[in-house]
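Order-wise, the sequence lines are chains A and B. The opening position of the first sequence corresponds to residue 1 in the working numbering, with each subsequent residue numbered one higher. The opening position of the second sequence corresponds to residue 1 in the working numbering, with each subsequent residue numbered one higher.
No lab work stands behind these hints, which were simulated from the structure alone. Cβ atoms here follow ideal geometry from the backbone N, Cα and C, with glycine treated the same way. Please note that the accuracy of each hint is not assured.
Distance ranges between label pairs, derived from CB positions [unchecked claim]:
#1 Q281/B x G246/A: 55 to 63 Å
#2 E328/B x A178/A: 40 to 48 Å
#3 A45/A x E333/B: 24 to 32 Å
#4 L68/B x P162/A: 38 to 46 Å
As a plain string of letters, each chain reads:
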Amino acid sequence: MATVNSLLGVFFDALLYPFRTLHPMVGLTFVSAIAAVLMLLGYKATSNQPAVEAVKRKIAAGLFEIRLFNDDVVAILRAQRSILRHNLTYIGLNLVPMLFMLVPFVLVVAQLQFHYGYRGLEVGQPTTLRVTVAGATTGEAPEITLEVPAGVRVDSPRVWIPSLQEAAWRIVAETPGAHELRVTVDGQIFTKRLVASGRIERRAPERLAAGFLNQLLYPAEPPLPSGAAVTAIRVDYPSRDVGLFGFETHWLIVFFILSVTIAFALKGRFGVTI
Amino acid sequence: MKHRLPPPWQPAMPGRATHATSATGCWAVMTAALVAGLLLPGSAEAYVGPGAGFAFISSFLVLFTTMLAVVASLLIWPFRMLWRALTRRTRAVPKIRRLILVGFDGQDPQLTDRFLSQGKLPNFERLAKMGCYKRLKTTFPSISPVAWSSFSTGSHPARHNIYDFLDRDRRTYLPVLSSTKIGSVDRFLRLGPFQIPLEKPQIRLLRKSKPFWSILGEHNIWSTVLRVPITFPPDRFYGAQLSAMCVPDLLGTQGTFLLFTTRPAQTGFKEGGLRVPVTMQGDRVEGVLEGPENMLRVGSPPLQLPLVVDLDRKSQRATVTLGRETVELALGELSDWVPLTFNAVPGIKVRGIARIMMTEMNGHFSLYMTPIALDPEKPAMPISHPNYYSVYLSKLQGKFSTLGLAEDTWALNEKVIQDEDFWRLSMDIDDERQEMFWSALERLRKGCLVCVFDGTDRIQHMYWRYIDPGHPADDGAQSEHRDAIERLYIKNDKLVGELLDRLQEDDLLMVLSDHGFASFRRGVNLNRWLLDNGYLSLKEGADGAVEWLRGVDWSRTKAYCLGLSGMFFNIKGREEQGIVEPSEVDALKAQIGAKLRGLRDQEHDEVAIVEAFDTSKLYQGPYLENAPEFVIGYNRGYRTSWDCATGVVDAPLFEDNTKAWSGDHCVDPRLVPGVIFCNRPIDAESPALIDIAPTALQQFGITPPKYMDGVPLFADEPGSSR
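Taking the hints into account, I'd like the entire structure generated from these sequences.
Printed below as a string of structure tokens:
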């Protein structure tokens with residue numbers, strides 16, 4: 001999984017590199033178009049196209065039937081029942097391609113989240129670094145230190161929250177760019193990437209312990225080693241919204257609308273029935 | 001309080017998550033539920049791609065549209081009912097709940113009797129026992145467009161104005177379609193290489209009078225009318241209708257098949273087909289399919305689609321590409337309907353459908369294509385009422401043939417296809433029709449359903465040679481289709497059986513045919529007879545073998561034949577170059593009528609013409625002046641010859657018919673009555689086709705209008721029934 005994430009990370013970094021200084025909509029549109037084409041090809045390959053086409057025709061027939069027999073209430077209700085039945089069949093037919101593409105698309109969306117989901121820290125903007133320590137809660141603070149590189153300033157003393165087994169610092173980036181923070185717990189050293197930049201690039205708010213779900217959903221940085229003294233290192237990045245038709249909204253919605261719209265627009269060209 | 005960072009799908013900062021969640025709430029129901037169930041218990045909103053995305057978008061739209069349509073329909077329903085109640089003509093009290101009229105075009109009483117006596121039609125027999133089985137008088141002439149027009153209007157041709165498939169242009173003497181006028185567009189706005197039509201081509205039904213379903217509609221009684229001949233363009237009434245006979249193909253003809261071939265052309269096809277040369281290099285064949293005229297380009301060049309065929313001779317298969325459609329075919333295999341999309345200009349397409357079959361690929365290559373029918377899903381002309389009815393049917397059951405004369409009889413006549421291919425084509429069309437019929441019946445809770453099945457007519461036309469020993473068209477070769485007619489009667493019997501099983505109380509069922517059938521052994525060229533008897537003259541040096549009477553000297557011609565049954569006089573003041581004074585017409589009728597009555601075929605020592613019927617004595621009505629002077633009553637075994645029908649003069653008076661089209665009904669109508677089966681006894685002793693319309697009205701409690709020539713078949717009202 002780590003290898004997959006690593007490869008995907010490199011791939012998406014390269015794919016989105018040309019768009020790093022542009023408005024997020026540009027890169028999102030590009031990615032959505034590629035995703036739309038892949039969706040269509042994947043959907044075509046994994047769905048039962050004749051069945052999808054047949055059921056869609058039946059649904060359309062039902063709609064026409066409502067219009068045709070609009071003097072006959074019984075006929076209208078019967079047509080409605082038929083439409084609902086065929087709609088369920090349609091949804092059922094879509095489950096198969098969905099299952100086929102669930103994992104690849106979750107991986108893709110996860111990658112995109114770390115590019116488009118967060119704004120970078122601005123120079124001088126404080127944020128919180130939190131380190132969760134493994135082991136039973138004793139209330140005693142472990143031996144834990146933070147080293148920051150040049151360009152990053154620690155703005156507060158360490159705060160230990162016994163109930164969460166968590167140590168926290170307020171830190172401030174003083175120069176733009178990617179910085180590596182070093183946390184030492186009981187002699188073990190862990191790193192965490194901190195990005196202070198307005199560009200579109202990969203930002204990981206969390207670095208978690210190894211595990212399938214953690215790696216699936218938080219692929220931006222390698223997992224923490226198993227059995228380590230630390231289970232999570234977190235940096236709070238502010239979220240990023242993307243403008244669409246004058247509304248600021250989550251990038252995923254933009255991606256959803258664009259990719260599905262483009263897919264619908266191209267379905268004829270690719271000979272796909274959706 | 002336990003703090004936990006949201007997963008990456010949610011914004012990191014608390015407070016923003018709510019914003020995103022609300023905006024995505026609706027689709028999250030679909031997608032997140034699935035992901036959450038599978039991966040992320042607790043919280044998840046994820047776009048997982050096409051399956052869920054497409055399913056959600058499409059399903060949501062469907063549900064939304066359905067609800068909207070249902071709610072709108074239910075809200076409007078009371079007002080519609082009120083409006084209908086206020087605008088209906090009378091308070092008709094129906095005697096029946098549903099009237100089901102099934103037409104088997106050309107079902108012959110003699111064959112029916114034979115198969116009944118042999119026990120091959122148990123369901124027809126069952127129906128006869130429930131009610132009745134009788135002969136049904138046909139019309140003069142006994143031709144489908146005439147007969148079905150009389151069926152629908154309850155009147156003689158002098159009232160509905162249909163006398164044949166063809167009429168003549170009185171100015172040019174050239175043939176015109178008798179039932180429909182399709183106008184041209186003359187006004188355009190030119191924009192460089194493009195032109196924009198400034199008017200719509202007029203498409204007008206020339207059948208006069210009012211069909212009974214229109215009258216039923218005026219009384220709020222719904223009718224579904226499927227493929228009744230002479231309904232193009234469709235009637236507008238309270239009901240649904242799919243047009244039939246005279247619906248053209250995409251080329252604007254009544255059905256032109258295409259043969260793409262590498263064989264050098266000897267002669268063109270005589271009827272209904274075009275030979276299209278293609279080139280073959282190795283295993284690749286290339287050609288061009290020319291479609292209809294492109295009215296949006298200056299000069300109206302034909303629309304084109306490239307045809308590419310890649311042959312795999314080893315497996316005897318080929319990949320046929322027509323535009324963007326690709327079809328895999330084995331040699332001799334008939335394809336399903338192939339959509340053909342012609343691009344007129346960017347954004348405007350003309351769509352048709354056709355079936356194809358590779359008939360040879362070793363040595364020479366030939367590919368047969370049925371006439372390109374209008375795509376029922378996107379018809380280029382109005383073929384149904386309401387206009388979306390054909391779209392609805394297409395969605396319901398898939399593509400189907402829309403061509404008026406859907407069965408490609410010409411291709412079999414020209415031996416481009418074989419008996420088996422024609423049978424397959426015809427039965428597929430029959431199956432399409434049956435599917436339409438059953439779905440319409442299932443949805444008809446009250447009202448009228450009319451459906452005509454043409455298969456009986458076409459199969460008898462093309463396979464009669466196999467049941468008439470010694471027929472000139474029967475070469476004696478082995479054929480699996482010698483019993484084709486019998487098989488179709490049995491198939492129809494099965495349909496009747498299923499129909500009887502589905503009948504409800506208060507249903508009235510009539511199964512009928514418009515005419516019977518007879519053998520067509522010998523053709524008679526009456527233009528030749530008129531020439532020989534001095535009633536028709538050719539121009540000096542003219543070639544009498546040219547079609548459509550183009551060699552005729554009209555200044556010396558008194559009478560001429562055109563179409564399948566009519567003889568016209570060249571009357572002064574009516575025809576452009578008429579020479580027969582109106583005052584001479586009766587005398588000329590008497591003279592020619594006497595000569596034609598009992599006209600003998602000396603070579604076979606048989607009577608060829610029983611009688612020439614004076615149309616002014618057959619019927620009365622406002623359109624009598626459009627009638628031919630005579631309807632020719634040929635004897636069984638005879639019919640107008642192929643040459644005479646196409647206006648060729650210089651051909652033998654009598655000749656053998658050696659074409660596959662070997663049975664016909666264009667004879668003395670008294671010799672080829674139709675049949676009627678009914679699930680109730682009818683009182684009329686000699687029912688006629690024109691009685692059906694008034695009967696339909698009477699059964700729904702409506703007094704038939706006085707202009708109807710027919711009378712109801714049931715004597716439950718004083719004065720009704722023959």
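**Asked** For this structure, which hints from the list above don't hold up?
**Response** Numbers 2 and 4 - these are the hints that the structure violates, sorted from lowest upward.
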